[in-house]
Each structure stands twice: as C-alpha cells, then as structure tokens.
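*Asks:* Spelled out from the first residue to the last, the chains are:
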Amino acid sequence: MTVNVQTLWRTVRRRRAAAEKSETAVGPRPQIVPVPEIAPNDPLVAYLQSAAGAVDVDRLDLDSPALRELKANSVKMVVPLVSQGELIGLLCLGPRLSQQEYSADDRNLLNNLATQATPAVRVAQLVRQQQREAQERERIEHELQVARLIQHTLLPKALPERAGWQLAAYYQPAREVGGDFYDFIELPDEKLGIVVGDVTDKGVPAALVMATTRSVMRAAAGRLDSPGEVLERVNEALCPDIPENMFVTCFFAVLDPATGSLRYANAGHDLPYRRHGDEAMELRATGMPLGLLPGMKYEEKETTLEPGDSLLMYSDGLVEAHDPGGDMFSFPRLRSLVGEYASGDSEELVDYLLTQLSQFTGPQWEQEDDITLVTIHCSTSHRSAWLADSDAPGDADVPRLLAEFELPSEPGNERIAMQKVHEAVAPLSLSEKVMDKLGTAVAEATMNAMEHGNKYQADKQVAVKVIGSDDAVTVRITDQGEPHIPEASDAPDLDAKLAGMQTPRGWGLFLIKNMVDEMNVINDETGHTIELIVNLKGDENVAV
Amino acid sequence: MSPFDAQVRREPDIVVIDLHGEINSFAEAALNAAYAEAEATNPPVILLNFSDVDYINSTGIALIVGLLARARAARRRLLACGLSDHYVEIFNITRLADFMTLFPDESSALTGALSEGTV
Numbered sequence: 201m202t203v204n205v206q207t208l209w210r211t212v213r214r215r216r217a218a219a220e221k222s223e224t225a226v227g228p229r230p231q232i233v234p235v236p237e238i239a240p241n242d243p244l245v246a247y248l249q250s251a252a253g254a255v256d257v258d259r260l261d262l263d264s265p266a267l268r269e270l271k272a273n274s275v276k277m278v279v280p281l282v283s284q285g286e287l288i289g290l291l292c293l294g295p296r297l298s299q300q301e302y303s304a305d306d307r308n309l310l311n312n313l314a315t316q317a318t319p320a321v322r323v324a325q326l327v328r329q330q331q332r333e334a335q336e337r338e339r340i341e342h343e344l345q346v347a348r349l350i351q352h353t354l355l356p357k358a359l360p361e362r363a364g365w366q367l368a369a370y371y372q373p374a375r376e377v378g379g380d381f382y383d384f385i386e387l388p389d390e391k392l393g394i395v396v397g398d399v400t401d402k403g404v405p406a407a408l409v410m411a412t413t414r415s416v417m418r419a420a421a422g423r424l425d426s427p428g429e430v431l432e433r434v435n436e437a438l439c440p441d442i443p444e445n446m447f448v449t450c451f452f453a454v455l456d457p458a459t460g461s462l463r464y465a466n467a468g469h470d471l472p473y474r475r476h477g478d479e480a481m482e483l484r485a486t487g488m489p490l491g492l493l494p495g496m497k498y499e500e501k502e503t504t505l506e507p508g509d510s511l512l513m514y515s516d517g518l519v520e521a522h523d524p525g526g527d528m529f530s531f532p533r534l535r536s537l538v539g540e541y542a543s544g545d546s547e548e549l550v551d552y553l554l555t556q557l558s559q560f561t562g563p564q565w566e567q568e569d570d571i572t573l574v575t576i577h578c579s580t581s582h583r584s585a586w587l588a589d590s591d592a593p594g595d596a597d598v599p600r601l602l603a604e605f606e607l608p609s610e611p612g613n614e615r616i617a618m619q620k621v622h623e624a625v626a627p628l629s630l631s632e633k634v635m636d637k638l639g640t641a642v643a644e645a646t647m648n649a650m651e652h653g654n655k656y657q658a659d660k661q662v663a664v665k666v667i668g669s670d671d672a673v674t675v676r677i678t679d680q681g682e683p684h685i686p687e688a689s690d691a692p693d694l695d696a697k698l699a700g701m702q703t704p705r706g707w708g709l710f711l712i713k714n715m716v717d718e719m720n721v722i723n724d725e726t727g728h729t730i731e732l733i734v735n736l737k738g739d740e741n742v743a744v
Numbered sequence: 011m012s013p014f015d016a017q018v019r020r021e022p023d024i025v026v027i028d029l030h031g032e033i034n035s036f037a038e039a040a041l042n043a044a045y046a047e048a049e050a051t052n053p054p055v056i057l058l059n060f061s062d063v064d065y066i067n068s069t070g071i072a073l074i075v076g077l078l079a080r081a082r083a084a085r086r087r088l089l090a091c092g093l094s095d096h097y098v099e100i101f102n103i104t105r106l107a108d109f110m111t112l113f114p115d116e117s118s119a120l121t122g123a124l125s126e127g128t129v
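Just so you know, the sequences run in chain order P and S.
Under the working numbering, the first residue of the first sequence carries the number 201, and numbering increases by one thereafter.
Under the working numbering, the first residue of the second sequence carries the number 11, and numbering increases by one thereafter.
Okay, chain P solo, but in the shape it has when bound (with noise of 0.2 Å):
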C-alpha cells in the first residue's frame, strides 16, 4: 500500500491588512520550501489519518523520519486533508510572520480550509492518476501493436506445397503478444525445412528476437545439410547479443518428401508428436535452448514418416493452457488426443485439437500465451506422386506411370480424357462405382484446368498423368494458367441458387471432392494442378 500524501507546503499570512502591513515590513517574507516524502509506514501517517484537525508539530512526539525533517525545515502546523479515512494531503505551515503562536480562530480557519481542500485535492488526485493510466494503456497497446505487427510480418504468407502431402499451421497470439514463431525454408532437391519456436519473454523484446533468430535460422539452413549443425550455427550467433535472461527453444526438422525421411534437432522446445497407426510418440532430441551457452552441441535423429502418419510441432501455449479449476491441459492429454485421432487430414488435426482446447478451458477463457500448431501429414500415396515424376519402372509393390497426355483446351475434351483415363485404369479392375466417380472427378478437374487455367485457349494443353499402385490410383491434372487459388469446395448453396440468389453453376470442385479419396492442389513452377487420390484398400473400389 502506499500512502499518497501532498504537501502544501505555504506560510500563513495575517488576514487583517493592518497587521499584515505592519508585520510584513518587518518578519520574514513569505516562502516555499520543499516537499518531504513521507513513507507508507511512517509512524506519523497514522497519527494524522486519526487526527481532529490541525496538529501543532513541535508538541508531537513520535520515532517518525517525517516528522523530523518537518521540524527541520521550521514546520510548525499540519492539517492533514482526510478522505474516506485515507490521508491523501497535507497542509503545512511555517511560523506566523508575526511570530505569535497560531490562534484558535487560526485552527478553526485551517480546519474549515482543509474540509473545503480535500475533495477538490481529492478529484484533482483522481484525475491525474487516470490520466497517468490511460498514458500508460496507450504506450503498452502501441507496444503491442508493434511487437504483432513484426510477428505476422515474418510469419509464413503461405503453405508450402509438396504431392502427397498435406501441411497445416496455425497461429494465435495472446493478446500480450509472446514470441512463438514457425516457419518453412525451401531447400534443395525439394526438401523442406520446419521452424517451430519460442522466444521467452513478450512484446517487441521478444519479437526482435525471434525475427533476428528466423533470419540466422534461414541463413543457416540453406549452407548446412545437418539439423544440429544449424542449431548449433544460432546458437553461436545469437549467444553475443541476446538480452539478458533471454533464451530461445526451437525444432528444427528437414523433411524429404520423396522419401518421408525427417532429420531433425531440438533446442529445449517441447517434443513434437509423431501420430503413427493409433499411438502418438515423442520424438526425442536433446540440445540446450538457443542464446544460453556457447558451444553447445546438438543432438541429432532420424525417422522415417510413412504414408498415414501425422507430425504435430506445437508450443507451450496450447499445453501450458488451464481451465476454470486450474488443471493445465498437459503434455499426457494432447499425446493421447494426437493418438486417438481418427482422420489423417492435417488442417482437420489442428481444427480437432482447438476444439478439443476450447471444450477444456470452457468460454470464458482468457488466453495466457500464444499458441502455435504446425502439422505436416504423409498422404497414403506420397509415393505415387512422387515416384510417378521420377517415371519409376513397373513393379507389382511399386507405383508405376499408367498413361500420360496432353490434351487442347477446347470445350468437350473433358469427355477424352474421362475416356483415356478409363483405358489406363482398365487393368486395376476397378469397381463400376469407382469408375464412375473416378470419371466425373476426371472430368471436372480437366473442365476447370481449362477454363480456369488456360481460358479455353487452344493452343494451351492440360496435361494428364495416371499413376497407378497396388495401394492406390493418382490422377494429376495440370494447366498452363498462373498459380491461383481454386473456387471454394464447399457445397454450394442450393437454396440460394434456387432463390435466383447466386448463379446456378458453381459446382466443379464440389464435385470433384466428394468423388475422390483426396484432391490436393499445388501450385508450382510448372503450372496449376488438381491431383486426384482413389485408395483401393476398401474391397468395394475393386471390383470381384
């Protein structure tokens, strides 16, 4: 607690102007001299809070620091100014200009003054403290704004792409912004580095941080092949000028989508989960969080991801998060959430585990920290498309290239590459139902790379390849067109349709979804494509 006390700090003048006249001519002129601090504790605090009125100092008698330095500097009244039993003033005069002692109509006059001073000193106080606050509202959210705006500056715009696999990330600052970060580093040879971070400390600290470790981090990654010998480069960069107390955890992890391998190293961050069948393990490495000691070393492994499996990266946010008794949502809980987790779907995981955090806090939840999830799944059939570029040579156990053709973009072609797409799938025995959903899925996607793709140019082909495996069937379809993002595969809304509302077409992809297994999209170098994934583990997509 502390004891707000002003001191008015005045001499008193002779009210009657022939006294004052004549006393002014010949005592001391009147002065100001300087406020004391008076402590919270301070004996005499006490004293005045129960005091009558006005309090002659010299008669006191206490073991009181302020009431010594009172009396040094000749105070000879005090009338404490009172507010709801809080002392939040006081009034102090020196000696009389006339030398005489103060009167009874003087004390009666002071303590009229002090009632009449104090709520208006009361408000005044009041005032300023609001004022001071909202300063301090102001220079805390602009803080705030600055240390988000360097955030969501450095973090990714967009998701990789890589065939046969899905990524998903997701990125919730606490409202006092902390210093999570993640990030995606191409590589050579299509591999992909993976950052998942956390700055200790928040706002623009930690932010400043956490862009200057991304920036080595990147450097690093693209002259270094090892995992730990890039923790162990940051590490070295950043120990000289990280600020005190600060330190950063981070995973980093290099996957080779050709063959599912993933070679990673940890910083201290917490251990991701690799969703293998129905059980979730910790990948495990162990390393020193990054700016703490020099010439740290770091521990580096290898795993294989193999087509269903899943990799949750996260942050201490998510773990570290309580519900309204208290209980934290621990590191137990979300592994065997990732492990009972039904669905490969990568952006589905992530959307599982929120949901599975917001029914654990309930409504009312404030979030502490920020939460940050980074999920990369392996499709079943990664290696089809992966293998089916490099034209892998045919083999029963071994995805081989089915058909392969190029097509004009003229409207009805749709229906030619349903049709050669049928003859090459041909020998797979495929159930009729199959077939039929296959070819409609074939249809739309060759439909939307050239109208929306190549604009019904002729001249521009779409390029079709078929690649078949025991396991499964991929179609990919690639225009000619710019990248771009395709029309929502969400179903279309009928009733406004029929209402005359929106257009009555609006339904490719809608289609194309809902006929396939998996429909990925990757926009790359070479143009836009629609891939298509039948599995052909169910009996009922092959036929008797």
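In case anyone wonders, no lab produced these hints; they're calculated from the structure.
This structure is a prediction, so every number in the text was calculated from the model and none was measured.
Backbone N, C-alpha and C define an ideal beta-carbon position, used for all residues, glycine too.
Hints are supplied without guarantee of correctness; some may be wrong.
To be verified - In silico contact screen, one side only, chain S against chain P (beta carbon under 8 Å); selected entries: (1) 20; (2) 72; (3) 78; (4) 79; (5) 96; (6) 98; (7) 103.
As the list claims (entries may be wrong) - Simulated coverage check for chain S against chain P, where a stretch passes if three residues somewhere in it have a Cβ under 8 Å from a Cβ of chain P: (8) 46-59; (9) 64-71.
Using the hints, position chain S against chain P.
*Replies:* For chain S alone, kept in the frame of chain P given last:
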C-alpha cells in the same frame, strides 16, 4: 460425344421431356427450348426422363438447377426418372434430390406422381 437432343411428350396431366446424349454446356439451348415448350400449357408437373443420358457434368447440373428454379417460381413440380446409380448419387450429393423426386423409370414416375397427388 453424343450430341444433346430433347423431345417433349404430353401425357395425361403431365408433360415428359425425353433427354438424349450429354448434358453439358452444349445442351443449354436445346434443354431450355424443350422446357419452354413443356411449360407452354402450364402443366402442374414436368418429368425429366434421363434414361438416355450418359453424361452430366457440372455445367449440366447448373442447367438442371436453372430449370428447377424456374419450376419452383411457377409453383410447378419437377420430377426426374431414369438416372443411373452414379447420377442418383450426384443428385443426392448436390441436394437436387431434396427438391425433385427421383424415380427409377417413367412408369414409376407417372404412378408416383399420381399417388402423391401432385397431378
């Protein structure tokens, strides 16, 4: 490719449009003309007979949505028959089946329309 064609038949209390070939962007003019001919006598029910249709793409779906919108605006009932299992599934997925009753063939459609009291 099977070029699209449509004929209009008038049965007692119901008009049937027999559709042939592929329903895609090329079918738009002929389909709309056939529908205009069918509704000229202001029948309470129009039956689209898909038994000779072997391909419907998303543009074709949009054309059918357009016919359905016209029928609903005129408080006319639109029925469908003769769709293959694949296109029945598509009519279900797109929810077209929520707004137009599907029958396996023309005779069941005529019977069904009568029993439902729509004629």
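*Asks:* Each hint: holds or not?
*Replies:* Verification of the hints:
1. Interface hint status for residue 20(S): violated, as the beta-carbon distance to the closest one in chain P is roughly 26 Å, over 8 Å.
2. About 4 Å separates the beta-carbon of residue 72(S) from the nearest beta-carbon of chain P, less than 8 Å, and the hint is met.
3. With its C-beta approaching chain P no nearer than about 6 Å, residue 78(S) sits inside the 8 Å limit, and its interface hint holds.
4. About 5 Å separates the beta-carbon of residue 79(S) from the nearest beta-carbon of chain P, less than 8 Å, and the hint is met.
5. For residue 96(S), the shortest C-beta to C-beta distance to chain P is roughly 4 Å, which falls under 8 Å, so the interface hint holds.
6. Against a cut-off of 8 Å between C-beta atoms, the interface hint on residue 98(S) is violated, since the closest Cβ of chain P lies about 11 Å away.
7. Annotation: residue 103(S) was flagged as interfacial toward chain P, and the flag holds, the nearest CB pair being 5 Å apart, inside 8 Å.
8. Restraint check on the region 46-59 of chain S versus chain P: 0 residues with Cβ-Cβ distances below 8 Å, three needed, restraint violated.
9. For the region 64-71 of chain S, the stated coverage by chain P is satisfied: 5 residues place a CB nearer than 8 Å to a CB of that chain, which reaches the threshold of 3.
The structure fails to meet hints 1, 6, 8 from the earlier list, while all remaining hints are met.
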